[in-house]
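Sequence order for the protein chains is Y and L.
Per the UniProt record's numbering, the first sequence starts with residue 1, numbered consecutively.
Per the UniProt record's numbering, the second sequence starts with residue 1, numbered consecutively.
Rather than coming from a laboratory, the hints here were simulated on the basis of the structure.
You may find that some hints are simply not true.
As the list claims (entries may be wrong) - Here are some chain Y residues pointing at chain L (derived, C-beta under 7 angstroms):
| hint | residue |
| --- | --- |
| 1 | Leu88 |
| 2 | Ala90 |
| 3 | Met113 |
Stated by the list, open to error - Straight-line C-alpha distance at most 27 angstroms; calculated DSSO-like pairs for lysine-lysine:
| hint | chain 1 | residue 1 | chain 2 | residue 2 |
| --- | --- | --- | --- | --- |
| 4 | Y | Lys17 | Y | Lys92 |
| 5 | Y | Lys74 | Y | Lys8 |
| 6 | L | Lys83 | L | Lys66 |
| 7 | Y | Lys84 | Y | Lys8 |
| 8 | Y | Lys84 | Y | Lys74 |
| 9 | Y | Lys58 | L | Lys133 |
| 10 | Y | Lys41 | Y | Lys17 |
| 11 | L | Lys66 | Y | Lys41 |
| 12 | L | Lys77 | Y | Lys129 |
By construction, the Cβ of each residue, glycine as well, lies at the ideal position given by its N, Cα and C atoms.
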Amino acid sequence: MSLSGKDKTVVKAFWDKVSPKTAEMGGEALVRMLTAYPQTKTYFSHWSDLSPDSAQVKKHGATIMGAIGDAISKIDDLTGSLSKLSELHAFKLRVDPANFRILAHNIILVLAMYFPNDFTPEVHVSVDKFLQNLALALSEKYR
Amino acid sequence: MVEWTDFERATIQEIFSKIDSGVVGPAALSRCLIVYPWTQRYFGSFGNLYNAAAITSNPKVAAHGKVVIGGLEKAVKNMDDIKTTYKDLSVLHSDKLRVDPDNFNLLADCLTIVVASQMGQAFTPDVQAAFQKFLAVVVASLRKQYH
């Protein structure tokens, strides 16, 4: 389900609109992933605090959203631009790629919460496709 | 038997008393049909599903969205035995409607997203976890009679 020209335009426009809130939303999404899908906590056992108030979690959520924003600016070559991050996830972090879908769901949920009028079904489908392609690019180096 | 904490019970009851089923049901179903277009395969008799605008304004989609919420409300009233409550519904989806059960998760996700956008900050991470647990039990009960 590759990205059409329309998908890319929609995603870019929506991200531009929501960019002031992306750091906060990233923290929110990660908190929700750890709360609603507790098995994901297994990847963060090196952090002392995995509660919803955790500064570590919120900061990391912001980092992830920053990387997503960066990927959007390079949306025409996700595989190439995510090569280093893919290596990191494949060889060092070894995150099961099924979890990318879980995080994507929580990101989408937070986008809908913060921007209920802008996150229309049409925007939703383009963002969902984008995050799916992002996950694919991130899993590229796994095997 | 599913174990529900007091918080989970109260949360589910509260969500369903707060949401407008006439809005949430249609919004969730139409979002599912738009975001995951292959789900349209089960709605051949619903008429015009050609684009997002058509789906959102389709009266049959809206009516069916309300039916779905009605089904969920049955589960809310029988939280201690959703499996038995849904036995006939499960047989219906398996033998008559022949819905691939993986689709239940897609609709569940859309429901969660629509409820989140309705409730805003009141949809806290703990509330989200409770709601998703409820939907997971619903989905498992709907899958139960497939053979």
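Taking the hints in turn, this is what the structure says about them:
| no. | hint | verdict |
| --- | --- | --- |
| 1 | Leu88 | 27 angstroms, violated |
| 2 | Ala90 | 26 angstroms, violated |
| 3 | Met113 | 5 angstroms, holds |
| 4 | Y/Lys17 - Y/Lys92 | 34 angstroms, violated |
| 5 | Y/Lys74 - Y/Lys8 | 10 angstroms, holds |
| 6 | L/Lys83 - L/Lys66 | 21 angstroms, holds |
| 7 | Y/Lys84 - Y/Lys8 | 22 angstroms, holds |
| 8 | Y/Lys84 - Y/Lys74 | 14 angstroms, holds |
| 9 | Y/Lys58 - L/Lys133 | 24 angstroms, holds |
| 10 | Y/Lys41 - Y/Lys17 | 31 angstroms, violated |
| 11 | L/Lys66 - Y/Lys41 | 36 angstroms, violated |
| 12 | L/Lys77 - Y/Lys129 | 36 angstroms, violated |
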